[in-house]
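Fit chain B to the known structure of chain A by using the hints.
Protein chains in written order, with the numbering used here: chain A, 1162 to 1598; chain B, 57 to 381.
In short, the hints are calculated from the structure, not lab data. Computed from a prediction, not measured in an experiment: that's the story for all the values here. Some clues are possibly wrong.
[Stated by the list, open to error] Partial list, computed: chain A residues near chain B (C-beta under 10 Å):
#1 P1411
#2 K1484
#3 G1506
#4 K1578
[As the list claims (entries may be wrong)] Example chain B residues on the side facing chain A (calculated, C-beta under 8 Å, incomplete):
#5 A68
#6 V116
#7 Y177
#8 I179
[To be verified] For lysine-lysine, the following DSBU-like pairs were computed, each having C-alpha atoms within a straight-line distance of at most 35 Å:
#9 K323(B) <-> K1598(A)
#10 K127(B) <-> K1586(A)
#11 K1205(A) <-> K1586(A)
#12 K1219(A) <-> K1597(A)
#13 K1547(A) <-> K1390(A)
#14 K1205(A) <-> K1238(A)
#15 K1357(A) <-> K372(B)
#16 K1314(A) <-> K372(B)
#17 K323(B) <-> K1522(A)
#18 K1263(A) <-> K1243(A)
#19 K212(B) <-> K1522(A)
#20 K1522(A) <-> K124(B)
#21 K323(B) <-> K1390(A)
#22 K1263(A) <-> K1479(A)
#23 K1578(A) <-> K127(B)
#24 K1357(A) <-> K1314(A)
#25 K323(B) <-> K1578(A)
#26 K212(B) <-> K1597(A)
#27 K1586(A) <-> K1314(A)
Glycine included, C-beta positions come from ideal geometry on N, C-alpha and C.
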Amino acid sequence: MAVRTFVGGIHPAQCKYACDAGTVTAPVPARVTVPVGPSWVGYKVLAPKGTEVKVGQKLADNEGFMCVPTHSPVSGKVVDAKPYRAHTGLEFLGITIESDGKQELCEGIAPVEDLDSMTPEEIRNVIREAGMLGMGGAEFPTHVKLSLPQGVKVDTVVVNGGECEPYLTSDHRMMTEKADKVVHGTYIVMRSVGVKRAIIGVEDNKPDAIAALTAAAGKYQGIEVMPLKSSYPQGYEKAIIKATLGREVPPGALPFSVGVVVVNVGTAAAISDRFTTGLPLIKRYVTVSGEAVSRPATVEAYIGTYASELVELCGGVKGELGKAIFGGPMMGVAVPSLDFPITKGTSGIVLLGRQQALFWKEMPCIRCGRCNEVCPMFLQPSEIHKYALAEDMARAEKLFAADCMECGCCSYVCPSKRPLVQSIKLAKQYALARRKK
Amino acid sequence: MDMSEKGLIITAAPHLRDRVATPRIMQVVFIALMPAALCGVYFFGPWAAINLVVGVASAVLWEYAIQKIWKFDITISDGSAALTGLLVALTLPPAVEPWVTALACLIAIGPGKIVFGGLGYNIFNPALIGRTFAALSWPSVLSAGYVAADGITAWKRGFDVVASATPLGLLKTGEIGATSLSRFYGPLFFGNVGGSLGETSAIALLIGALFLLFAGIITLRIPLVYLLTTAGLAMLFNQDPIFHLLSGGLILGAFFMATDYVTSPIKPAGQIVYAVGLGIFTFMIRMFGSYPEGVAFSILLMNCFVPLIERFGAQKRFGEVRNRA
Chain A
1162 MAVRTFVGGI HPAQCKYACD AGTVTAPVPA RVTVPVGPSW VGYKVLAPKG
1212 TEVKVGQKLA DNEGFMCVPT HSPVSGKVVD AKPYRAHTGL EFLGITIESD
1262 GKQELCEGIA PVEDLDSMTP EEIRNVIREA GMLGMGGAEF PTHVKLSLPQ
1312 GVKVDTVVVN GGECEPYLTS DHRMMTEKAD KVVHGTYIVM RSVGVKRAII
1362 GVEDNKPDAI AALTAAAGKY QGIEVMPLKS SYPQGYEKAI IKATLGREVP
1412 PGALPFSVGV VVVNVGTAAA ISDRFTTGLP LIKRYVTVSG EAVSRPATVE
1462 AYIGTYASEL VELCGGVKGE LGKAIFGGPM MGVAVPSLDF PITKGTSGIV
1512 LLGRQQALFW KEMPCIRCGR CNEVCPMFLQ PSEIHKYALA EDMARAEKLF
1562 AADCMECGCC SYVCPSKRPL VQSIKLAKQY ALARRKK
Chain B
57 MDMSEKGLII TAAPHLRDRV ATPRIMQVVF IALMPAALCG VYFFGPWAAI
107 NLVVGVASAV LWEYAIQKIW KFDITISDGS AALTGLLVAL TLPPAVEPWV
157 TALACLIAIG PGKIVFGGLG YNIFNPALIG RTFAALSWPS VLSAGYVAAD
207 GITAWKRGFD VVASATPLGL LKTGEIGATS LSRFYGPLFF GNVGGSLGET
257 SAIALLIGAL FLLFAGIITL RIPLVYLLTT AGLAMLFNQD PIFHLLSGGL
307 ILGAFFMATD YVTSPIKPAG QIVYAVGLGI FTFMIRMFGS YPEGVAFSIL
357 LMNCFVPLIE RFGAQKRFGE VRNRA
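Isolated chain B (complex conformation):
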């Protein structure tokens, strides 16, 4: 019989695999962040565009360089470095000097990820490690990077920038808060307000979040519990819950960073505990801490607790309930 039976591939079952692959998940999240990134570029002008490019490019470059020097496998094609770079840029001020973005990416990729063993082994969200490193190292450079979000006008000014305070900063210094904050709702929803590059436009972030939900990449469990906990505490402390939900990096953090697979719990019950913890830390830092914003810190803090959270909760087992009866 004329049949080329030589070289038949033999593996253990299953012989079929789903099309969804890790690099594709990274791509989908990257795409889901595009509305927020484009909004940032529109509102904050040319510096925002430069920082985005620097963030993505430097993160990929750092990963390549580190792995090359230490003779590790080069993993830039899995897409996680590009995503980390994008998130670093989105969480930094729009007009921060680009060397800050590049260094933040180095910290995110190196100590944030590769020292732990690379993708899948890191304890902390790498992008937030980078951002927090920058925020603690060069606070004044960072505050100078918060600029006015006036869209066309910002582009007409070009590289000259007009500094602007963030709503949460104003709240912390006591300049607002005595009166109703509802006048901030519109700007916070659309994005024409001071803040980090990718965090200001709630609508753009929510479009991306919906995309992730429908693509089956994330579930609502962590983001929803996180947002509800924060809003609930705001009401408890007589604050404006809508203002707290829309301002700062809460929406960006809840949908795109707290849901990071690697650094969040796997089990549903653990995810809820994790999300409640995030809400409590975020609100406590905003309310009582010395920093105006607490999303990045609270996610990093709760990342520490993930291994602990994972230990609790009995595992249900098929047929077990009947077994006891």
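Looking at chain A on its own, in the form it has when it is part of the complex:
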């Protein structure tokens, strides 16, 4: 049988330079700025300026359903708690802590002993209190994913090991090195939504990860490791559901509408960490790679560490730096400098050389149809693009601009180097705004 996959997609050069480099554990940073969340949400700061904090201590929280608390990754003193301009350009609340280097644990950090006697709701609450967000990049609160609406039944948990972005290797390293944790986290997620079956989907360019996970999954009932074709965007939620189960999530719907809950492998491992060590989400794997990095590697870093420190840890910048990206090169955000802290969703920092980062000459659309072929959502990117450029957002919406998941395959393949996904994102925002009215 052919390896499972979705329809469409592209095969960019993988450039997984950091793959064989092993994982570097970052030292405790002298100073961190922990991003709490968009500043307009109104998080309640529990550790104002001047507070002495310990590792795992709650820094801020908000009662809202879509919010999770943030914890201190270091022990030390809060020197600042104020809004700052985050790497995305949005204003975030940031809590800056100067570390004392002692890494004293906060009181009450303890493993969960009686997982088997816990109700799904209790498990979800532990996950929320640990500040779990989707670590694949979307930063969607994990407990929200696991809280199913009344009457909705799911039958499968899909664990997303489709690290399809070029350069990124953090999930790959995670699955290889901490397969036990990924599988244990998967088991906890299964418990929290009450299903008996889980599929860990991993692209077949990571055979060592597949082997490690398969060995680890043997200890549990109902967890299957499924190799998937290496193709971008295999790690997109709807794509991996299609690949693993053959189900298509309807436009605008969430995975539970086809009986599935999807979590990222990093999130699964972090959940396992919370249950076995008691530590909330304060660390993550970050790939530091790209042509302009001296020694590309995957770094286990504290949330809130400045990107510049991580780059320094990997030997600094090599050659002339052209573009710095938070996340992967297909969907990541280009940043104006490396003076930004990493967030819970920062899977990588990719530095491109000047030559690589130069603009492409834009030419007229020659209607070759390549964008239609690769679109995983079966859209017609060139058509939507045409209307979006003419600011005819109503027509763009009629062509389902709002279905776009912004993978960027269309812009990648366009021989005329047109900004397809860029304009479709705009049309999508118009469509979503209009629906809200």
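Okay, now just chain B, sitting in the frame of chain A:
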């Protein structure tokens, strides 16, 4: 920290692009036409070589001149003008007087392409606009350009030419057709037969077409449906399907002109409708029209229908089938 963070480039994602670029696609198609062009030069002698050079050079020159005069951006580096010039020369008779080729290129580039807004905006295949303009304006000059395809002998004769009829012309005038046409199969396949410069050698064209298929520039959808429709109609009307497939500009048109991205439908279903239409028009013109050959006309005709074809067909949408269930 010593890091030159000034001047970092900021754009929206994606930050990577595929290597395939529009000028490169034009180059690949140009190269794919080289076997046919070289075969034409070999079989038809020095006039063919002159017409090829005149076609490519004049098309580029016209584009440059027009854009210069009207102060448009100069786009000759995208390679499409050179390709159009090559196709004009390949679809004209090999020994036609070179001024015809040059004027055909002017029409192809000017009214055929630039007046619509340049590359990507033209409704009709520019090369065929040029060729058809020449064919309708100077029919006798064109028929004088069809010469004998005798290879070495043609080169020995130099610039003196021996006129020759095309197989489709003979079929139209009724000089052949009553008997089996299988004696034409060999010449039509290899190219030692009368016809336009680049259309006679089926094998050379097919080599180029295979190259395009493997390079991922074209798919088989349009050419195959076009050829099958034509062959099917030939059988229906009791004609020799192999003769119809190999003769005239059918192979050149099916693989290199009907597949032109700009003037053909994008959606797969639309491409099939388009190709069936091409087959019907081509065969009908050959069978019942007053012209011996109908490939150029049928492609131009179907070009008109492309916007209409594109309007039909519901768009499938990810997750929609389940949505209804």
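message: Need the status of pair K1263(A), K1243(A): alpha-carbon distance at most 35 Å?
response: Status holds; Cα separation ~25 Å.
- prompt: Is K1578(A) close enough to K127(B), meaning Cα to Cα at most 35 Å?
  reply: Given pair K1578(A), K127(B) holds - Cα atoms ~24 Å apart, limit 35 Å.
- prompt: Are I179(B) and chain A close enough, Cβ to Cβ, to be under 8 Å, as the hint says?
  reply: Nearest chain A Cβ about 11 Å off; hint violated.
message: Given K1578(A) as an interface hint, is its Cβ closer than 10 Å to any Cβ of chain B?
response: holds, 6 Å
query: Going straight from one Cα to the other, do K212(B) and K1597(A) come out at no more than 35 Å?
result: Outside the cut-off at roughly 79 Å; violated.
query: Do the numbers back the hint for G1506(A), that is, is its least Cβ distance to chain B under 10 Å?
result: violated, 15 Å
message: For K1263(A) and K1479(A), compute the direct alpha-carbon distance and say whether it is at most 35 Å.
response: holds, 33 Å
message: Holds or violated: K1205(A) and K1238(A), Cα atoms, limit 35 Å.
response: holds, 18 Å
field: Pairwise hint evaluation, K1522(A) against K212(B), where the allowed Cα distance is 35 Å at most
entry: Violated, at roughly 48 Å.
task: Tell me if V116(B) is really an interface residue toward chain A, meaning its C-beta lies closer than 8 Å to one of theirs.
output: violated, 17 Å
message: Can you confirm whether the C-alpha distance between K1357(A) and K1314(A) stays at or below 35 Å?
response: Between K1357(A) and K1314(A) the Cα gap is close to 12 Å, so the pair holds against 35 Å.
field: Hinted pair K1547(A) and K1390(A), Cα distance within 35 Å
entry: holds, 32 Å
Figure legend: structure checked against the earlier numbered hints; hints not met, in rising order: 3, 6, 8, 19 and 26.
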